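Please take these sequences and the hints and turn them into a complete structure.
Residue numbers (the working numbering), protein chains in the order written: chain C, 4 to 452; chain U, 715 to 1799.
No lab work stands behind these hints: they were computed from the structure.
Predicted, not measured: the structure shown is a model, and the values here were computed from it.
Where is the CB? At the ideal position from N, CA and C, for every residue including glycine.
Certain hints may be false.
Computed cross-link-like contacts, EDC-like style, restricted to lysine to aspartate or glutamate with a CA-CA straight-line distance of at most 20 Å [what the hints assert, rightly or not]:
(1) U:K1647 <-> C:E129
(2) U:K912 <-> C:E351
(3) U:K1647 <-> C:E128
(4) U:K1646 <-> C:D201
(5) U:K1647 <-> C:E351
(6) U:K1120 <-> C:D56
(7) U:K934 <-> U:D835
(8) U:K1646 <-> C:E129
(9) C:K174 <-> U:D1414
Which residues of chain C face chain U? A partial, calculated answer using Cβ under 10 Å [to be verified]:
(10) H55
(11) D56
(12) E128
(13) F179
What follows is the residue order along each chain.
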Amino acid sequence: MSQIKSNKMKFKIYLLGTIFILFISCKKEKHIEVTTDEYHASIDNVIQIMIHDIFSPPVASRIFVYPNIAAYEIIAQNNKNYTSLQHQLKGLDSIPVLDQKSGVNIPLAALIAHMEVSKQLVFSEELVEKFRDSLYKKWGDENSDEFEVSKEYGLKVAERIKKWMGKDNYKQTRTFPKFSVFANQPGRWQPTPPAYMDAVEPHWGEIRTLVLDSASQFKPIPALPFSLDKNSPFYKQIIEVYNISLDMKKKGDSCDEIKMAQFWDCNPYVSVSQGHMMFAKKKISPGAHWMGIVKIACKKTNADFDKTVFAYTKTSIGMFEAFISCWDEKYRSNVIRPETVINQHIDENWKPALQTPPFPEYTSGHSVLSTVASTILTSIFGDNFSFVDNSELPFGLPSRSFKSFDSASKEAAMSRFYGGIHYRAAIENGMVQGKQVGDFVVTKLKMNK
Amino acid sequence: MNNFFRILLVLWLFASCSKKQDLLFEKLDSDKSNITFNNQLLESKKISILDYLYYYNGGGVALGDINNDGLLDIYFTSNQGKNKLYLNKGDNKFEDISTKAGIEGESDWETGSIMADVNGDGYLDIYVCAVVGINGFEGHNELFINNKDNTFTESSAEYGLDLDNYSTSVAFFDYDSDGDLDMYLLNHAIHSEESYGKASIRNKRNYECGDKLFRNDNGKFVDVSEKAGIFGGANGYGLGIAISDFNLDGNPDIYIGNDFHEDDYYYINNGDGTFTESLKNHFGHTSRFSMGLDVADVNHDGFPDILTLDMLPESEKVLKSSLGDDNVQMLKVRTEKLGYHYQYTRNMLQINQGGNNFTETALLSGVAATDWSWSVLFSDYDQDGEQDIFVCNGIPKRPNDLDYVKYLSNDQVKTKINSTKLLDKEALRKMPNGKVTNYVFQGSKDLIFNNKSADWIENDSIISNGSAYGDLDNDGDLDVVTNNLNSVASIYINKTNDKANYLKLKLRFGGKNTFGIGTKIISYNKGKMQYKELQTTRGFQSSSEPIIHFGYGKASSIDSLVVIWPDKTSQTLKNVKTNQTLTIKANTNRKAFDYKKLHPAVLPVFKKVENNLGIDFIHQENDYTDFLAQKLIPYQHSDRGPATAIGDLNGDGKEDLFFGGAKGKKAAIYFQNTSGFIKKPTPAIENDSIYEDASAVIGDFNNDKINDLFIASGGGENPANLDSRLYLNKNNQLSKATFPILTQNAAVVKAFDYDNDGDLDLFIGNNSKNNIFGSNPDCYLLNNNKGVFAIVENKLFAKTGMVTDATVTDFNKDGKSDLIIVGEWMKPRFYANKNGKFQEVTETVLPEKLNGLWQSIQSFDIDHDGDEDYLVGNWGMNSKFKASNEFPMKMYYDDFDANWSFETIVAVEKNGQYYTTMGLDELAEEFSGMLKKKFNTYKSFAGQPLEEVFDSKMLAKAKLFEVHNLKSGYLRNDNGKFTFVQFSNKMQVGPINCFVKSKFDGGKEAVFAAGNYFGVTPYHSRFDGFSGALIKNEKTIYLGNQVGIDLSNKAVRHLDIITFNSKKYLLVTINNKRAEIYELPMAKN
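What follows is the structure in structure tokens.
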């Protein structure tokens, strides 16, 4: 018995010793805590860099999606509530498997992967590095072992994602022909004042889709045929845009239509001519605006880290598909902008409330994108999710309140009509297109278990 | 050690002294001259370039003898400070009499200053311009009438000239030839909603911005702008003005330089008090950001030429970090949709072709890039008989800096700038300074100006705006005064002194135009003509001394001076001694002058045939831009049509015509009958309009005694249909026969019996492989076997180069038909025919390095020595391309970024280093990942030589093309060996695309040449200035406009001689235009 007792004692001492050692080491090397705010901050940092580097809205959607997928694949390795996107997204497989015993800090690895993939995608890498290095320093000081092992895994996953995204035809589309302007085709899109920029991303429809079968899977009904016959549907929709703008002029700048137009004008190319120059006046891209709404929803629901990553990822996948689907149609129909037609045939001096963005009119990018985003956000956070959208505050525009994602997206879509840069058909059919894309992504992707 | 330093010091002093002695212009110390005027901008006024776009335009200078004491006085405008008048006391000493004289000016922002005898009392008055009505600027333009006692009385209201506009400058001249001085007011627009948009904005008058013409009605100036046809729109960014009788009809015309998108204006005086603005009819293209300008006859043809300034930097570092030209589609919108003319960012030297059209030669002449330039003054500063150029320039802050523009475009920055001005300082700090030394160029023969900035003037970093010339020290040579921004004015004293001879002419005309403004003087000496017209408003915001000055080198006297007075009378002075100042008074018995007899036509001329002999073919180029698909290629190749072929197609013995069509456009056949040519509908041809017809030949290919038609396809479009087609003629019906499938872009086809078997074989020269510019195409030799053609397999014609033309000729005189082919990025290649087998002998017969961008070849015994020489048309020299044996132009070809698409990178040498012709944004369209990450700012990219931009390993791996020579000329035959001899520079203004040989005037054989080409990006502008040329022998070459045919602004593709009713005519086939027929300049038949 005493033998047993003594053994017990030994065990107790051993246990105490172990606890003591553990205690000591805990004091020295505490566990690294990565917060959801740090993930939001990494997204915000990318948005800031995009303002600096000037990316068009479709390219911006690509910059959002891949870093989020990288982060999501890491959290999905460890959280039974989420399913990996391998074999669900075209060409995505062979994500490095997490060794559960390796001591990897999952949120830490996810955030590292997010920054690493972002860095690859922007031009100003040093701005990602600056943001990253201050975090690396902090984490290294807190727990260098945990940091190193998490970093190693995070970078491994990032490498895999980079290799996969390198095959999405982006590089090839850079060398594809620019959009041809044919001055003699009356209904065909032409560059618009004042900068008369080249058409943006005429081959974005050829980018590899993630979930959709093809870019044209949800091809909207054809655009109205161009006509200057006063009784034609096309002419009537021109006149509608023109009349609404006259109406708004009467109401003045404080009317709600103008406020809507301003709020949702996430056009990063609003250009102002001044002095010996023509320059692009940048705001955030429309995709960035919806990323901002994801943040608002996550914060309002106190979403945990994994859910935050999930929400960003699913929304950005939808937006990526939205741009491919929408751009596929834009350069199929090549519809002329209201500003061009009205200036040529109705009122030489007419200017839309918003500056016309440099790509064909049909369908409306905001309408497709916003409907997709709201469909996905509704699937995550539920319908009738009221929120105050303050994402345009840094750009000098007041907050707006919405009773649901759906009402926000409908307003975003209509704002383009009030802005004088779209006909009604591009808004309405764009929303249908967006709903189809959004529903497809929601049904097809199995992310929550 | 002390000694060592002393020696160094002495050496240094010696070096700097000897350097200084060489300067043509010595700057006068302000201690000595007492001239301390400084156009200091007052920061305290809280206005900056961010508020007023012309904040840095500076002030003017006016030179004139205000007290008629024989000494030239100086007036300066200060933008915000007090204007100054300095009285010349002799010996380069001046006295500031500003306060006493009462000319300091009352307006808040003053600009140009012009001296003229406005009231015609024999004393110079001073007119000062002001900007009024923006930024809180108050006041009005002021007219200081000379009281003849060194004081002045401001009298603008009395004369109706107290204008409150945005004025830049004025010119006083007698537009209606009524004997008094009228006034043109040059105003400038500011950026506003109103000033953007269509060119037609200029039709709607705007009080502040629009230019105005005032008629002097007995001392009252009446605004006659509208009636006189003067534009006055909100888009008139007027910065430059010159008055000159450009077409030499005796009535002064006007050239206005407008900044930004607004076209320059060229007002032809109709002689009835009205003007007709005619820029587009007479100028192929102009400066885009036109600033100051000046006029002088630089090529001794008696017609005034124009130099307009712009802001193209010479330095690579500045060039590649500044906003460049439009992209190709934007230019298209601007010209085709908005109605503006072709404008490009560089100085433009417009050479007057006999009072009609102007040919632009600035790149060829070496004066295209002088950075941010304000004022230019032509004069013969070194008195060698050639006009030299003085350019003053510089800007404290460059608002077109690309990094600054990118910074500004950040919305947060923009919002703050607009609302609070908090960021003004930061924004201003971001703009790099643009202080560059002034430029001087020495004029020489053959349209060339040599940059003498390093030798003739002291180099500094002072910003100079207005400038004027005059003889301050009365030593006969012309000194220059510049009004400097934030620095003391510069007085450049000319030290030519007695090294060369001169004539200084003062005019006394009488009436109200006392100084004889508008008088022309032609100097003739030993067969050399010099021509000058007295106009004092020159350069920028300034007026020069009212004299006419000629330089004569060593000549101690000259043959004659013809003085043509403003009232179209003249008098002649004979055997005039040089080195003197002559005051010429209008003779009472002077003769009426007939301008028509001034430059009589002496040569027989081509005459355009009214009805075009019934040929109504208009070639229409299809809407395709090569640069959209192949973004980095140096020029297009889809626009080299149409094909033309001449021959009897219906067996009636008369020549018929074939014109090819561009892709999607119908080709046409015209049959000849006794009354002319009639279009013959030919479905077999018209139905094949999916092809772009690159070259065609009519011949009997199946030996049935009836001519057939062969058409080679090309066009370089994506996608392309490249099948060449043989149409056999049966019973006057053409039908397509089988022919080998060819898959490259053809440029030229030649039909000849190379194997001497009695049938016509074919040679096809190809220009490119489709959509892979840079991959060398093959040429094809096709053997005819009873009407069935087969490609002759041989390595000789494989990857021959980018062929453009070929000629079948017996260059070795062995009685066999040899071949010479020419093309781009290659040298002319000689193939000897040895009994039906070709052998290349290029290196034996033409050993020199001679890669060019060759366009055409023509056999012609140009030196009349009995053997065939070969005229070869090249790209020409009025181009940003640059090539020599020492520094060939280079083109690298590879899939640089490994994305399965091949790119070309073109680089030219500058100061011993190679630089890409394209900027960061253009290169990034193909290499965005590679370059945008490497060069995060434009500053980091600018000034980087080629090997720093692209990895040297990458370049080493690429295929390298070179060009050694861009000049057109001829290959002189010396006993079967050939040497290249270049044509003179008037033949180098653009590509020469075609030749035709004939006995044009019934005498000896001569060659007519034509060219021009527009398929380049706005960076290169347009090659539009070649009016064609009649080449009689190596010494006698007349430009087209001298022989009645002006093909400038037309991209001529083919010249052919056709016979109609036994008379010969010249057929000119033009890309994208109607074909033209001319009668030959037969002396007598």
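Status of each hint after checking the structure:
{"no.": "1", "hint": "U:K1647 <-> C:E129", "verdict": "10 Å, holds"}
{"no.": "2", "hint": "U:K912 <-> C:E351", "verdict": "9 Å, holds"}
{"no.": "3", "hint": "U:K1647 <-> C:E128", "verdict": "7 Å, holds"}
{"no.": "4", "hint": "U:K1646 <-> C:D201", "verdict": "19 Å, holds"}
{"no.": "5", "hint": "U:K1647 <-> C:E351", "verdict": "42 Å, violated"}
{"no.": "6", "hint": "U:K1120 <-> C:D56", "verdict": "9 Å, holds"}
{"no.": "7", "hint": "U:K934 <-> U:D835", "verdict": "15 Å, holds"}
{"no.": "8", "hint": "U:K1646 <-> C:E129", "verdict": "13 Å, holds"}
{"no.": "9", "hint": "C:K174 <-> U:D1414", "verdict": "52 Å, violated"}
{"no.": "10", "hint": "H55", "verdict": "7 Å, holds"}
{"no.": "11", "hint": "D56", "verdict": "8 Å, holds"}
{"no.": "12", "hint": "E128", "verdict": "6 Å, holds"}
{"no.": "13", "hint": "F179", "verdict": "8 Å, holds"}
The structure is inconsistent with the numbered hints 5, 9, although it conforms to all the rest.
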